[in-house]
Amino acid sequence: MIKKIVIVLVTIISFQSQGQEGTASPYSFYGIGSLKFKGTVENRSMGGLSVFMDSIHVNLRNPASYVGPDLSTAPYNGESRPVKFAIGGSHNITSLKSNSGDDMVNTSTFDYFAVSIPMDKFGVGFGILPYTSVGYKLESYNADGSRANRYKGEGGTNKVFLGFGYKITNDLSIGVDASYNFGNIKNSSLAFIYNEEGDPVQYHSKENNRSDLSGLNFNFGLSYKTMINDKLQLMSSFTYAPESTLKSNNERYISTVVFSESTNQEYTISYIETDLNALGLKKTNLTMPSRTSFGVGIGAPKKWFVGTELTLQNTSKFSNPVYYISNAKFVNASNFAIGGFYIPDYDSFSKYWKRVVYRAGMHFENTGLEINNEKIKEFGISFGLGLPMGGLFSNGNIGLEIGKRGTQNQNLVQENFVNLQFSLSLNQRWFEKRKYD
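First residue of the sequence shown? That's 39 in our numbering, and the numbers climb one at a time after it.
Treat each hint with caution, since some may be false.
To be verified - Distance condition first, Cα-Cα at most 27 Å in a straight line; then the derived BS3-like pairs of lysine-lysine:
#1 341 x 224
#2 175 x 367
#3 269 x 76
#4 175 x 269
#5 389 x 340
#6 367 x 413
#7 135 x 76
#8 392 x 340
#9 76 x 341
#10 224 x 135
#11 190 x 320
#12 76 x 320
#13 367 x 321
#14 367 x 269
#15 269 x 159
#16 224 x 321
#17 135 x 415
#18 224 x 175
#19 415 x 224
#20 355 x 285
#21 135 x 367
#22 135 x 442
#23 321 x 269
Said to hold, decoys possible - Per label pair, the in silico range of CB-to-CB distance:
#24 237 x 454: 35 to 45 Å
#25 75 x 239: 41 to 51 Å
#26 227 x 427: 43 to 53 Å
For the record, the hints were derived by calculation from the structure and aren't laboratory data. Where is the CB? At the ideal position from N, CA and C, for every residue including glycine.
Sequences are here, hints too, so could you generate the full structure?
Put into structure tokens, the structure is as follows:
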């Protein structure tokens, strides 16, 4: 156990030491950033499918999974529920294309750390993960090709969660997560000023904003699975996160800056703080929309599984009074996922690759963001491998996701992305029935 905890800590430190830049998407300019949390590597390798649950993998999207079944495989004979540890990270390569040019960006992130502890009919889960991420650098130009504005943003929100599950019957379980969301978002807008001859003046104006965010939300889950005959098992799931509120403590500064064309650097000369209290914007509330998810799948235990899942989010309720953008609005979001896995021979101990889990899936998403009357959509296709490791069913997971987000219509940006995902799923027996001769 100590060795496994050391591995987890070293992995977290290695991710953090490289810096946490969660996204480079220009669409993270809107709202509170791009959604980072889409499940574990195992989920994402199946198109984001989270309806499948077993005794050796953490499922972060449905708290009903914290209960977990006993291990039926010999020599455990239904007498052990392993405590599950999960840690994951990813590397993203994104090509940005617009009518005015293109660019290539790379980001690496720590994605989650979680623990799930089943105890008889109860289960507990807890962990930490980034939830949304802001990271963009944009410039707009005048008709004559001169710079008009420069926009920059960074930050995002994280969540720590504690959840409980309860097994009502052998087939039916329920659960609830309580999550505390926290973080900050910083963005700036630099306006370039020119004289009558079209030459840049010495001093330019820059607006700097910061919002410190915090709030609590809940996620309720239900899981049902049953054998429909001797070989086939049916699984279904339901989750619901009710509408919640994020409290935002806001600051705004107006700066006078000098911009160096030769070094492309900004130098602040002076600044004044905007009285947001007078505008009623010092402390604001952000409405976080409700989310509902339904999933169903069928498979042969320890052999194969295929399923589908629909997620609906009432994103049109989202509002942020501090930042009003005339050409953008939020509409209701949806995501449809389909995927599954295949294991050639779960019990093979002589041929390693027959015990590997082969995963694949795809998803179609309406992100809920609409700009210039264009809905921002996302499509992705994913693949993954679950690689058995030493110990009690521990494994490493590798995922690859290829897709695109956005469009070049209406002078917008299309993102073509490749996500490489890595995780460790570690298991340890904590609760064993003692036997005496």
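Checking each numbered hint in turn, tell me which of them this model violates, lowest number first. Hints 1, 3, 4, 12, 14, 23 not satisfied by this model.
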